[in-house]
Amino acid sequence: MTWLQNNTDKVVDLLLSHLWLSALPIVLGFVIALPIGWYANRHRRIRGVLLSAAGVLYTVPSLAFFLILPSIIGTGFLSPANVVVALTIYAVAIMVRSATDAFASVSPAVLDAATATGFAAAGRAFRVELPLAGPVLVAGLRVVAVSTVSLVSVGALIGVNNLGSLFTEGYRTDNDAEILTGVIGIVILALVFDGLIVLVGRLLMPWATASRTTGTSLRGLARARR
Amino acid sequence: MSVVSDTIDWFSDSTHWSGDDGVPHRLVQHLGYTSLTIAIAAAVAIPIGLWIGHTGRLRGLAVVSSGALRALPTLGVLTYASLYTGIGIKAAIFTLVLLAIPPLLAGAYAGLESVDRQTIDAARSIGMTEWQILTKVEVPLALPLIVGGFRSSTLQVVATATVAAYIPGPGGLGRYLIDGLALRDYPQVVAGSVVVIVLALVLDGIFVLLQRLALRNRPAPVRSTV
Amino acid sequence: MIEYRSIGKTFADGTEAVGDFSLVLPSRTTTVFVGSSGCGKTTLLRMVNRMIEPSRGQVLIDDVDIATRNKVELRRSIGYVMQHSGLLPHRKVIDNVATVLRLNGVDKSEARDRSYAVLETVGLDASLATKYPSQLSGGQQQRVGVARGLVSDPNILLMDEPFGAVDPIVREELQAELLRLQRELDKTIVFVTHDIDEAFLLGDQVVILKKGGEVAQVGSPAEILATPADDFVRSFVGLDKGHRKLHVEDRDGSRIVVDATGKAAGVLTE
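Protein chains in written order, with my numbering: chain A, 24 to 249; chain B, 54 to 279; chain C, -3 to 266.
Don't take every hint at face value.
Pulled a few chain A residues facing chain B out of the computed Cβ check, cut under 7 Å [what the hints assert, rightly or not]:
| hint | residue |
| --- | --- |
| 1 | Val83 |
| 2 | Leu90 |
| 3 | Leu92 |
| 4 | Gly146 |
| 5 | Ser176 |
| 6 | Ala200 |
| 7 | Ile202 |
| 8 | Ile211 |
| 9 | Ala213 |
Note that these hints are calculated values from the structure, not bench results. Ideal Cβ placement from N, Cα and C applies to all residues, glycine included.
So that you can see chain A by itself, here it is in the shape it has in the complex (with noise of 0.2 Å):
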């Protein structure tokens, strides 16, 4: 506690990037893979190849990706720029997979009968498919922030400064405070990320919770009364 109290000032400084390395890819990368999930729920072809490139991306080592990135794309070996793209490919890679699960999970008879009504392709995609495949989408969505808020930490690595950064220095100069306090904060921002996912879905979704809770009860009751 005494280490923290003296080093507050790094500490925030060091969170507020962690916070930005994690934020933007996780935003990129749910906002790129929406598209390509839904694209590829609908052709078949393509989700194999699309679903078998998304596993093979997520095999490489995020140190080699870090690594590698440079010369691929030519930035400079230690810049954070390598840090963003690696982990929103990585949070692309995840993300298909689940966007193209949540599309699938969207019931067939609920799209017709929504056809049927008179909802034009786009007005149906939009209004309908999307917030269907919200719940699967939300639970994709946390596991890319969980895994992608821990993965920043290697960024320390290649010198790229974030809460991993306490790590390498705390190991360094064999200070356990500093390791634990980079530990803990990285927790808890992976925390404050999921419970914000969680929230915004509950805010946008409350239909999801109903049918869940209070949905399958009153269900059992009417068939009890009857």
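Given the structure of chain A, go ahead and fit chains B and C onto it with the hints provided.
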């Protein structure tokens, strides 16, 4: 692309293929502590996962603690542990075991949960003991998802073991990345990364085959795993 | 009036769902397509709002070929009720009903008012309006489905086995409700079912279909029972079995209607 030709040069240098620093030796080391990690993690996670899946108890706790374990930054745990264990393999194995547990645990309990309740009910009604239900009905039917758990945890350990080379002691393929980074010897970094990626792909291929094998004699579709 | 002119449908995989089908469905009546699975009855129904396009022939509504009309607008002008209600699970009951109106450009408050009114018409309590579909019983969901089909006051209502998934008691309630609604509203209803009793109960015109949309017989329930066209129809409506052959017996001074198996079916009253 001089990095590409430099990397090819690195691979064609025969000194990189023999001795303690050679690819074969590092590869065997890497596989060695990956296997050790998975063995320890499985010894912990599989019995607990099967128990949770069979009894349906403590599932919430398992989900929450798996999530918390996933949020732990590997590099932080590694450096922290190494301050207590000293240099050597112990800290690395401890860290990797923590990383390997959540997918194994989830594969085991989700696998058991995916087994049709009616099938289990039928098994109980013909007079099977709880142990027989577990070993003769639930585990065989859950096998694809259990293997899926081994697949994701093995791939994560193979990838993350590279980071473990940050502390001296464990060798493995991560040495190429960490040492290359320290020496600014980028061809070595890229070459090491390539070997890790190829190893991951080969292992992934083996697991795909194992999962097919586990699925044999089974027409029922299986839900995708974590 | 809906008219099928030499309609045929061959699906992409080569299955011929309908061979050559022609029929006129008079306005303000209920026409029921009845047959076993694979007879093409749902295919025929779904051609009316262009959910399925015919491979050959034309479908006309009030003498206009619907192929010339915009698909989406056509669907918005026709009510559609399906087996599993097809309600949007992420919208409250009231919003599900109002959807069609909103798609047709009706403003929000008017759409709500009209939706509440139509929920009342189909016998649903206003307190259910703010629930999600999953919080309703199967019968209630089906009523919401009917309300959604009726809300924009379409001339045509398509019903694809709408009561197929609810239990027998609720089904009877819903059938009675539909008959009452039809007396009040006078729609042109196209109804699909595999249950001949439901077809006879609801249909002004009953179309019995064989495989591939081939018409076995068209007529009113009474006509079909009085003069079944062939053995297929006789067996399909159950005339070859005992329960449709009724006669009167005197028992303890009451005149009891009894079927050929000896089961009492009712009392004769003059």
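Verification of the supplied hints:
Here the hint on valine 83 (chain A) is kept, as its CB sits about 5 Å from the closest CB of chain B, short of 7 Å. For leucine 90 (chain A), the interface hint holds, the least distance from its beta-carbon to any beta-carbon of chain B being 5 Å, beneath 7 Å. Taking 7 Å as the C-beta contact cut-off toward chain B, the hint placing leucine 92 (chain A) at the interface is violated, the least distance being around 10 Å. For glycine 146 (chain A), the suggested interface contact is broken, since its CB lies about 30 Å from the closest CB of chain B, more than 7 Å.
The beta carbon of serine 176 (chain A) is positioned within 7 Å of a beta carbon in chain B (closest approach about 4 Å), and the interface hint is therefore held. The interface hint given for alanine 200 (chain A) is violated, since its Cβ lies 10 Å from the closest Cβ of chain B, which is over the 7 Å cut-off. A cut of 7 Å between beta carbons decides the hint on isoleucine 202 (chain A): the least distance to chain B is about 4 Å, and the hint holds. Here the hint on isoleucine 211 (chain A) is broken, as its CB sits about 9 Å from the closest CB of chain B, past 7 Å.
The interface hint given for alanine 213 (chain A) is met, as the beta carbon of that residue sits about 4 Å from the closest beta carbon of chain B, less than 7 Å.
This entry does not satisfy hints 3, 4, 6, 8, going by the numbered hints stated previously.
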